[in-house]
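Asker: Residue-level listing of the chains:
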Amino acid sequence: MKVELSLFFFVEAVGTIAFASSGAMVAIKKQLDLLGVIVLGVTTAVGGGMIRDIIIGNVPPALFKDPVYVLLAFFTVMILFIIVRSNQRILDGRSLVTYEKVMNIFDAVGLGAFTVVGIDTAILSGYGEYHFLIIFLGVITGVGGGILRDIMAGQTPYVLRKHIYASASIAGAILYAGLLEQINGNIAMLIGACTVILIRLLATRYCWNLPTATKK
Amino acid sequence: MKVELSLFFFVEAVGTIAFASSGAMVAIKKQLDLLGVIVLGVTTAVGGGMIRDIIIGNVPPALFKDPVYVLLAFFTVMILFIIVRSNQRILDGRSLVTYEKVMNIFDAVGLGAFTVVGIDTAILSGYGEYHFLIIFLGVITGVGGGILRDIMAGQTPYVLRKHIYASASIAGAILYAGLLEQINGNIAMLIGACTVILIRLLATRYCWNLPTATKK
Amino acid sequence: MKVELSLFFFVEAVGTIAFASSGAMVAIKKQLDLLGVIVLGVTTAVGGGMIRDIIIGNVPPALFKDPVYVLLAFFTVMILFIIVRSNQRILDGRSLVTYEKVMNIFDAVGLGAFTVVGIDTAILSGYGEYHFLIIFLGVITGVGGGILRDIMAGQTPYVLRKHIYASASIAGAILYAGLLEQINGNIAMLIGACTVILIRLLATRYCWNLPTATKK
Numbered sequence: 001m002k003v004e005l006s007l008f009f010f011v012e013a014v015g016t017i018a019f020a021s022s023g024a025m026v027a028i029k030k031q032l033d034l035l036g037v038i039v040l041g042v043t044t045a046v047g048g049g050m051i052r053d054i055i056i057g058n059v060p061p062a063l064f065k066d067p068v069y070v071l072l073a074f075f076t077v078m079i080l081f082i083i084v085r086s087n088q089r090i091l092d093g094r095s096l097v098t099y100e101k102v103m104n105i106f107d108a109v110g111l112g113a114f115t116v117v118g119i120d121t122a123i124l125s126g127y128g129e130y131h132f133l134i135i136f137l138g139v140i141t142g143v144g145g146g147i148l149r150d151i152m153a154g155q156t157p158y159v160l161r162k163h164i165y166a167s168a169s170i171a172g173a174i175l176y177a178g179l180l181e182q183i184n185g186n187i188a189m190l191i192g193a194c195t196v197i198l199i200r201l202l203a204t205r206y207c208w209n210l211p212t213a214t215k216k
Numbered sequence: 001m002k003v004e005l006s007l008f009f010f011v012e013a014v015g016t017i018a019f020a021s022s023g024a025m026v027a028i029k030k031q032l033d034l035l036g037v038i039v040l041g042v043t044t045a046v047g048g049g050m051i052r053d054i055i056i057g058n059v060p061p062a063l064f065k066d067p068v069y070v071l072l073a074f075f076t077v078m079i080l081f082i083i084v085r086s087n088q089r090i091l092d093g094r095s096l097v098t099y100e101k102v103m104n105i106f107d108a109v110g111l112g113a114f115t116v117v118g119i120d121t122a123i124l125s126g127y128g129e130y131h132f133l134i135i136f137l138g139v140i141t142g143v144g145g146g147i148l149r150d151i152m153a154g155q156t157p158y159v160l161r162k163h164i165y166a167s168a169s170i171a172g173a174i175l176y177a178g179l180l181e182q183i184n185g186n187i188a189m190l191i192g193a194c195t196v197i198l199i200r201l202l203a204t205r206y207c208w209n210l211p212t213a214t215k216k
Numbered sequence: 001m002k003v004e005l006s007l008f009f010f011v012e013a014v015g016t017i018a019f020a021s022s023g024a025m026v027a028i029k030k031q032l033d034l035l036g037v038i039v040l041g042v043t044t045a046v047g048g049g050m051i052r053d054i055i056i057g058n059v060p061p062a063l064f065k066d067p068v069y070v071l072l073a074f075f076t077v078m079i080l081f082i083i084v085r086s087n088q089r090i091l092d093g094r095s096l097v098t099y100e101k102v103m104n105i106f107d108a109v110g111l112g113a114f115t116v117v118g119i120d121t122a123i124l125s126g127y128g129e130y131h132f133l134i135i136f137l138g139v140i141t142g143v144g145g146g147i148l149r150d151i152m153a154g155q156t157p158y159v160l161r162k163h164i165y166a167s168a169s170i171a172g173a174i175l176y177a178g179l180l181e182q183i184n185g186n187i188a189m190l191i192g193a194c195t196v197i198l199i200r201l202l203a204t205r206y207c208w209n210l211p212t213a214t215k216k
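Chains as they are written, first to last, in the numbering used here: chain E, 1 to 216; chain P, 1 to 216; chain B, 1 to 216.
Be careful, since some hints might not be right.
You can't tell identical chains apart in this list, so a pair holds if it fits in one copy or across any two.
What the hints assert, rightly or not - Here are the simulated lysine-lysine pairs, DSS-like style, with alpha carbons at most 25 Å apart: (1) 30 x 215; (2) 215 x 29; (3) 30 x 101; (4) 29 x 65.
Hints were generated in silico from the structure; no laboratory data involved.
Extracted from the complex, chain E is given alone in its bound form (with noise of 0.2 Å):
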């Protein structure tokens, strides 16, 4: 159990430090202030568990009771911050590209965790009959920090614009919540990220994408 608990926080530690990233990174970009990389940061990261909360009547939301990855997420966005701003070429040179495919890996995993662990939340309190109900809130756990940050950060949320991303995360959902009844859960669990991120991660290498309405 106490093996699990860790390998569980360890496994949503680096989901947070990904999303956390991913959100500061935009605020960078935008050239926002030390303030706006910090917000965009930690909402990307703490956002979806927020929504998720709210959504089941869970308030305050368990971030705000156990901020442990809100202080993460924190640190993560200072170190980065401090990075960029030590060393500006930083953002041109080589060391950009493998920066971003360690967190497209981080981002993978973060979206695989927050998946089943949002799936985990709602079943936990006691939802487990609504199917609906419980893929969606693995889903909105895993995606809905990034809609946050594209949101406020005045940009088209990024789930909606390209690449399967959550399209893995509902994969992931409605597989872990289908194994829920057969197997044993902790395995089924496993098998929910893995699916999520292995999705995630073969859709990046070989470009797929969904089909949209019209040629572009």
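We have chain E; now place chains P and B onto it with these hints.
Answerer: What follows is chains P and B alone, placed relative to chain E:
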């Protein structure tokens, strides 16, 4: 009773189809992919009710517990997507004009239906004595989905921009809330909904607009 | 007690007028119609408190049960609309400079008042022991209306863009929350609110800004 319920379901269904279509069309014109089209379409259809339920603490919102309108919105969007994809020229042709005329009527019916449904839900939840609240909830049920659609699509919300849109909903909501204490509830509801529809259609037909502070 | 309440009401009223005006002016400059001006004005004035109430599950939010500030915001917006409409040149003239100077002071007072009111509401709702939560609720009560205004008007939220705005609110909120356990509540509240106002006014006067990660 049975008939009323059926009529009611029918009217709400018409509104759901209209709202889902409007969200899907915004997404298609923005060349979003299939998932983006689905998300915007469904959000437009059920977003107003979701905001209403969160404001009165009716959580999880009704749409999650009984996702019949989510499904209806989903199928509406899928059919629209397939039609546009299989016949690209449909977006330029004369059929688009006819389509928009029909949808405009549907949209007015939806606005009327959702407005009175919002008020009804608020009253059933025990807030009948708060007049400002129930009128607001009626209006937000009617226009909230469109606001979410526009915020997500990165455009200034339609209700803020032009035409007598929210105004129609407000007028009908005030009338319904006022009549409720005088006459039979079903008749009041019918009058409220028809007022919204009538004002909305007349405003479109005769290009009514509210004044602006500065001349354009 | 009576005097304190009156003073408090007065300070909140000043803030409401300032926030409603700022929302209305954004709408007027965007040439939105009367309803758009009302919606943006009222949302800016009462939106922060609404977000706070939803986060702590205080539903329906206070503004709906006792819409005194909604009414105040509404009349503020109407008066502003009529003044601008009847004297178009007012938007170019020297009176605009004076107007913006006065409004800037009002806005600072509003930010200070709303910040401490937010914290107070959170404590009265029984969340006094969650320090991060009450500070966040103070700040979101202060800046939330402006965030909603900017998101609806389609501009990057003001708090993310420039000036010491949210920072002033954060500083005052932390000070108030910290002092609360040491000294008399009313004095702590006064110190908190004045800190916000002072930082905000000094920041405007001397063009203080937070650092950005990249040079502009």
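Asker: Run through the hints listed earlier and report the numbers of any the structure violates, in increasing order.
Answerer: Number 4 - this is the single hint that the structure violates.
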